[in-house]
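*Asks:* Protein chains in written order, with our numbering: chain A, 1 to 116; chain B, 1 to 115.
Note that these hints are calculated values from the structure, not bench results. Any given hint might turn out to be false.
With beta-carbon atoms standing in for the labels, derived distance ranges [said to hold, decoys possible]:
(1) B:Q83 - A:D53: 39 to 47 angstroms
(2) B:G10 - A:R17: 16 to 24 angstroms
(3) A:W27 - B:G10: 29 to 37 angstroms
(4) B:F47 - A:M22: 32 to 40 angstroms
(5) A:T26 - B:P40: 17 to 25 angstroms
(6) A:T13 - B:D29: 16 to 24 angstroms
(7) A:K57 - B:F47: 19 to 27 angstroms
(8) A:R17 - B:K16: 49 to 57 angstroms
(9) A:H41 - B:Q83: 27 to 35 angstroms
Backbone N, C-alpha and C fix where the C-beta goes; we use that ideal spot for every residue, glycine too.
Listed below, chain by chain, are the residues.
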Amino acid sequence: DAGITQSPRYKITETGRQVTLMCHQTWSHSYMFWYRQDLGHGLRLIYYSAAADITDKGEVPDGYVVSRSKTENFPLTLESATRSQTSVYFCASSRTGYLDSNQPQHFGDGTRLSIL
Amino acid sequence: AQKITQTQPGMFVQEKEAVTLDCTYDTSDPSYGLFWYKQPSSGEMIFLIYQGSYDQQNATEGRYSLNFQKARKSANLVISASQLGDSAMYFCAMNYGGATNKLIFGTGTLLAVQP
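Same shape as in the complex, but just chain B (with noise of 0.2 angstroms):
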């Protein structure tokens, strides 16, 4: 069975610090994606980065990147240069079920960016 975990259940960072949030996974299928996606204080889930089971170099979008160790089920998020507005929950996910594109997430990790 699939499973993702994040062992942090809150961080702290200083602002302009870079942060690391971790997430390991757990799954048997050869082809998987995983994402992360971001949910501010108002509710809403943004989607932030993806990476592919077979992707050869780590995933990044501005401020963001993957750290992706394959063969030690880990997709921890890096988020450089803090901003106050990153403060969130962030959720770690994976994709499962063949070509349908269901999403097992974390339990997510409440980041708090301090000035």
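Here chain A stands alone, though its shape is the one from the complex (with noise of 0.2 angstroms):
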């Protein structure tokens, strides 16, 4: 049961890079999401999907980039990085969006991307 993994779970990159940070999920869950975390902040949702090919954006969106053309795969890119996106970053995944299923989010273990 592979669940839901992330990779790379650990990245260093210079301002000014394009990174793309991986999520690939087993269970064939159609919600999909990228939330970052930072010290104070708690998690904060980036970008989320419903379904393939249909994504929108969440609380923090600005500078990152997201597709899903695969139910499984749903990468997140930053185009051109900067020091303010040092994070961690988690995707998770759940089975529906309906409020009233019980249906709780599952999340990857994090990369931990440091931006010089």
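With the hints in hand, could you dock these two chains into one complex?
*Replies:* Take a look at the structure:
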């Protein structure tokens, strides 16, 4: 049961570079999410996707791009990385989007990204 | 706008004692769900417990229970008989945005269980 996997686990890059964080889930969940975790802010939603080819902005989408050509994959791209994007990034998935379904989001182990 | 507030940045508890982690929320939606997640030092996010806004009874999962007071807009997590392995960061979260299950998180409470 692989669940949800993120890669890489750690990444160091320089400002201005493009970097892509990968997220893969084996549950065929419809919904996938990207969050960033920063001290003093908890987790904040960057983008989410309700299904393949359907994506939408979250709370902090600026500077990020997502795509979802296949249900199981949801990559997050920083097109021109900035120091303010240094953070821990979590991918999550859930089977449905209904409030009364008691369907929690399941999280990957995170990617720690440092931008120098 | 939705908001989650966790006012306790850090807490200590003695092993085998109970501890309550506070969470208050703000929303104008009549239908919402409240979640608690645990983040140990290894970094992963572990789902603990869920409470729906229309649930009549407080949620329980093993040693975890959720003290849900709707009128006060609070959803406190109670951990009974604390164990050393309970030392972690705990996040309260609420879903919003209709049938999209988006989550808004609090800033977390760091719990340290002392032997």
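*Asks:* Given the hint of 17 to 25 angstroms, is the C-beta distance from T26 (chain A) to P40 (chain B) inside that range or not?
*Replies:* holds, 23 angstroms
*Asks:* Given a hint of 29 to 37 angstroms, does the C-beta separation of W27 (chain A) and G10 (chain B) actually sit inside it?
*Replies:* At 34 angstroms between Cβs, range holds.
*Asks:* Determine whether the Cβ-Cβ distance between G10 (chain B) and R17 (chain A) falls within the hinted range of 16 to 24 angstroms.
*Replies:* Given a distance of about 36 angstroms, which is not inside 16 to 24 angstroms, the answer is violated.
*Asks:* For the range 49 to 57 angstroms, tell me whether the beta carbons of R17 (chain A) and K16 (chain B) fit it or not.
*Replies:* holds, 50 angstroms
*Asks:* T13 (chain A) and D29 (chain B), beta-carbon distance inside 16 to 24 angstroms?
*Replies:* violated, 39 angstroms
*Asks:* Is the hinted range of 39 to 47 angstroms satisfied by the C-beta distance from Q83 (chain B) to D53 (chain A)?
*Replies:* Given a distance of about 45 angstroms, which is inside 39 to 47 angstroms, the answer is holds.
*Asks:* Assuming the hint says 27 to 35 angstroms, is it satisfied by the Cβ distance from H41 (chain A) to Q83 (chain B) or not?
*Replies:* Since H41 (chain A) and Q83 (chain B) have Cβ atoms about 29 angstroms apart, the given range 27 to 35 angstroms holds.
*Asks:* Is the gap between the beta carbons of F47 (chain B) and M22 (chain A) within 32 to 40 angstroms?
*Replies:* violated, 22 angstroms
*Asks:* Note whether the CB distance of K57 (chain A) and F47 (chain B) lies within 19 to 27 angstroms or breaks it.
*Replies:* Holds - the Cβ-Cβ distance for K57 (chain A) and F47 (chain B), about 24 angstroms, lies within 19 to 27 angstroms.
Of the numbered hints given earlier, the model fails hints 2, 4, 6; all others are met.
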